[in-house]
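Sequence order for the protein chains is A and B. Mapping of the first sequence onto the working numbering: residues 1 to 115, in sequence order. Mapping of the second sequence onto the working numbering: residues 1001 to 1896, in sequence order.
Please note that the accuracy of each hint is not assured.
Stated by the list, open to error - Sample of chain B residues lacking proximity to chain A, with all beta carbon distances greater than 10 Å (derived):
1. Leu1018
2. Ala1029
3. Leu1053
4. Ala1061
5. Thr1177
6. Pro1276
7. Leu1420
8. Pro1595
9. Gln1637
10. Arg1639
11. Ser1714
12. Arg1824
Unchecked claim - Covered by chain B, according to a simulated footprint, are these stretches of chain A (three or more residues, beta-carbon under 8 Å):
13. 35-41
14. 56-70
These aren't lab readings, by the way, just hints derived from the structure by calculation. If you're wondering where the values come from, they're calculated on a predicted model, not measured in any experiment. Even glycine gets a Cβ: it sits at the ideal position worked out from N, Cα and C.
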Amino acid sequence: MSPPDPDRHLPLTPVVFHSLVALAEGPRHGYAVAQEVEAVSHGRIRMGPGTLYGSLQRMRDDGLVEDAPNPGEDAAHAERRRYYRLTPHGRAVLRAETERLGAVVRLAESRVGGG
Amino acid sequence: MKEEGVYRTLLRILPPRLRSEHGAELMQAFRDREREVDGRRFRTLRLWSFLALDMANAAAAAWRHELGRMVARRGARTERREGKMMIETLVQDLAYALRSFRRHMGFAVTAVVTLALGVGATTTIWSVVDGVLLSPLPYPESDRLVQVGTHFRSSEGAFEGRLGPLSPVDIVDVQTTSTTVASVAASRLEGRILSGEGEPEQLSTAGVSAEYFTVLGVEPAVGRAFTKDEDAPDGAAVTVLSHDFWYRRFGADPAVLGRTLHLGGTPFTVVGIMGPDFHPPEAIHHQDVALWYPFARVNDDIDDRGSFFVQGIARLAPGASLDAAQAELAALGDRLSQAFPDTPARRLGAARLHERTVGDVGRTLWMLLGGVGALLVIACANVANLLLVRATERAREMAVRAALGAGRRRILRQFMTEGLVLALCAGVVAVGLAHVGVEGFRRWSPGGIPRLAEVGVDPTVLALALLLSSATGVLFTLAPAMRTLRQAEDPLREHGSGSGREGVRTRSLLIIVQTAVALVLFTGAGLLLNSFVRLQHVDPGFELERVAWLRVYLQGDAYATPEARATFFGEMLERAGAIGGVEAVGGTDNLPLSPNRSLAFVSPRGLVLGPDEDPPAVSWHMVFPGTFEALGIPILQGRDFTDRDGQAGATVALVNQAAAELLWPGQDPVGQSYVPGRPESGSDAITVVGVVPDVRHQRLANPPEPEMYLPALSGSRVRMNLLVRTAGDPAAALEQLREAVWSIDSGLPLPEYGTLSEHAADSILEPRFYTLLLSTFAAVALVLALVGVYGTLAYTVELRTRELGVRLALGARGNDVLALVLRRGMTLVGIGLVAGVVISLMTAAALERFLFGITPRDPGTLVVAAAAMAALALAACMIPALRAARLDPMTTLRSE
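Take the sequences, apply the hints, and build the full model.
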């Protein structure tokens, strides 16, 4: 199955977008994604467990993320935690969305000033 | 762990694929969140609402995604079409149901709230009943555990049904002779002061025999239990600690094992610590126990066959039934009574430990469950009514759908989906209500209910409640829908006005049922309220308002002799009397309005007894001089005790009027004398020096009984309650009172004190609690029933608009129409009220034991309740009736 066109997924929901941003830095386990999203969004996006794993599953179904080997740094939780990372397609989608948002932001700035 | 179960259940609303792929992570995430919350209540509540909302959102998104995946695979997998169709239909139905609820917000909210109230309240009470009454006690094979005790002879001569305490020697006889009892243990609740380890502290303790832990089938988590050798008067002084006490006092330090604790001045070596899951039967029934020790070591009179002061717990032998054990014990009791004629005639008996532990509370809880069940009936009837009305309204819609080619099953399924959605919404709200309810019950119920700590919302109970609400929802949507469908076989027939005789009949029946059940609840609540008000206004016969009390417990070598204690008590009375604002000082061993009492046989001089007869029994208290004055009890005849009474042994006593009448009917009691026990007991004679009026010593609800008072300045008691009457607020004197006692001995813990009026209020907390609860049920039931009556009648008026319009057009006056509608409503209400009165009278006996000063068939309460309900129902009928009377005939006729 050839990777579909990244633009097909746009626009991303805030939850998916933030999750992809969190994973862009490297593999994370689910809870770490939620924590980072909450931190980066200054607490505006608070993902409950259902939302988190539901969206991770959808992102995987869509080929945006995939399971990653456990880095084993966290021995206590090693057997429990499942790790996720971006697929190349996921990275492409994130890039496309970032460009799209950037364009919108630039347009907005040109109209309302600021920045 | 209950919480995890709840969350796991919540996960079931997610698509199976998501659950199987991420279930473990979801649970882990839940555990992480929960750990952060750390048991703080407000945060727990917030967490759960967050989690529930999150799950609802996630489920919606995940199911949509799942559906999308299926649709995407349509071409590839034709065999899935069936399933997909089903899901699509379901989604369609769901969407349609939600849309229709949004259009009829009032209907949906009313139905959901009503059903949720009924189911939530029922689940709450059922959870409590289940946890307290139905679940087995927390011991291995707990159904084999029995309590062994003594049935004494009452003053009328028959053996009492109540199981009283045993004498330790009788327990030994049970152990050695019984074949039906595998092993038996003795236990006795005591209190000891722990000293020498920082702050002295008063502990609840229990003296137990060596078999105690074996009988219960438990072992200490650390260390060991008692050996047979230690359970002897000269055995080593050893103790086993409860987990809670070990945790609280010693910070769970394992090094406590082997250490020495000073209890009441005696050194005890710690040999074991119980696990956190061990709840001793005493704790279930009364209070927590901090530690246990062999009781032979600390009680002098273990060889006295005439002292009955221990509880017996036994495990039935394999294969032995309770009946067999009872028969054997009764025979043993008879043999003992004959072999030891000096001791009171008695019969030994046994009862299931579970029954003994939760016995009295059972009736209270079943009563509450009955009340809440009635509420549920009304709620279901109300919702049924609403649904029936909706179904009738939608008859035409159904006919149109059928005419357009919708299949019977398709239409029915649509209706069922709506019923289910309503019921599920109600179920979710009810689950929340039940959690809040159980928590509230645990927090606000007075101390009388055992095992509450074990109670939680049980998943089984919850499932049952959900099933119940779903059944109501489905039944009452499907039944009318099917009926309407039968009529709709002839599509687009006239449905507007001829709405079906059956529907009218069902609705009428529902009104009758609701009115009847609501009246039963209303009457019950009225009786309880009435009785509670009476209880509050009972005159106990002594002063409550200006009396403060302080419990003093003397232990240790310094107070080993009665003389030492007498000196302390004398000093204490003097210093307490010197406090400013104190008008009178006294004290008693049994605080007034406390359930404990001591009963003793007394033989007036010259009493002659038959061979099988016991002397009269009188309850007795030890009091300091001045006690009657402090309590505002007048001395009717003779005198109060003086400082000298009791110093050379207890040879004088005061009696109350009831005792005087019992012992010396028609004679002047002052100057009479009696011997304690049987006439031949050989004890010193005691002379009556005064008579006081009867007071309610035990409980406000209990009538006074024959009582006598002995001088406490003999120092024979180690535990006394100091009582002072003050000129002003007694609470203000409490601190000075404690200071006064500490000025004699600063090492006494003095943790228990208060005012007598608070104590009296505490003594009726329990009736107050269930009165409040049942009244709440009754109030909700009443509102629901009235809403039901109103709704049905309003709807009937709407259906008959055309007919009423015709009547008005033909010259009927508004008042005639008003009377017509009222007559119809009130006839049904009247039938319901009559049925309610009959049911109330039939079920009255169940309330009997909760009532004080009023009979369960009190005609006044019944009449007032029925009249009040009739008046309220009339008001509820009046609104639609007035609307009917004001109809404009032309508009109504034109509208059809």
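Handout entry: Earlier hints that do not hold, by number
Key = 1, 2, 3, 4, 13
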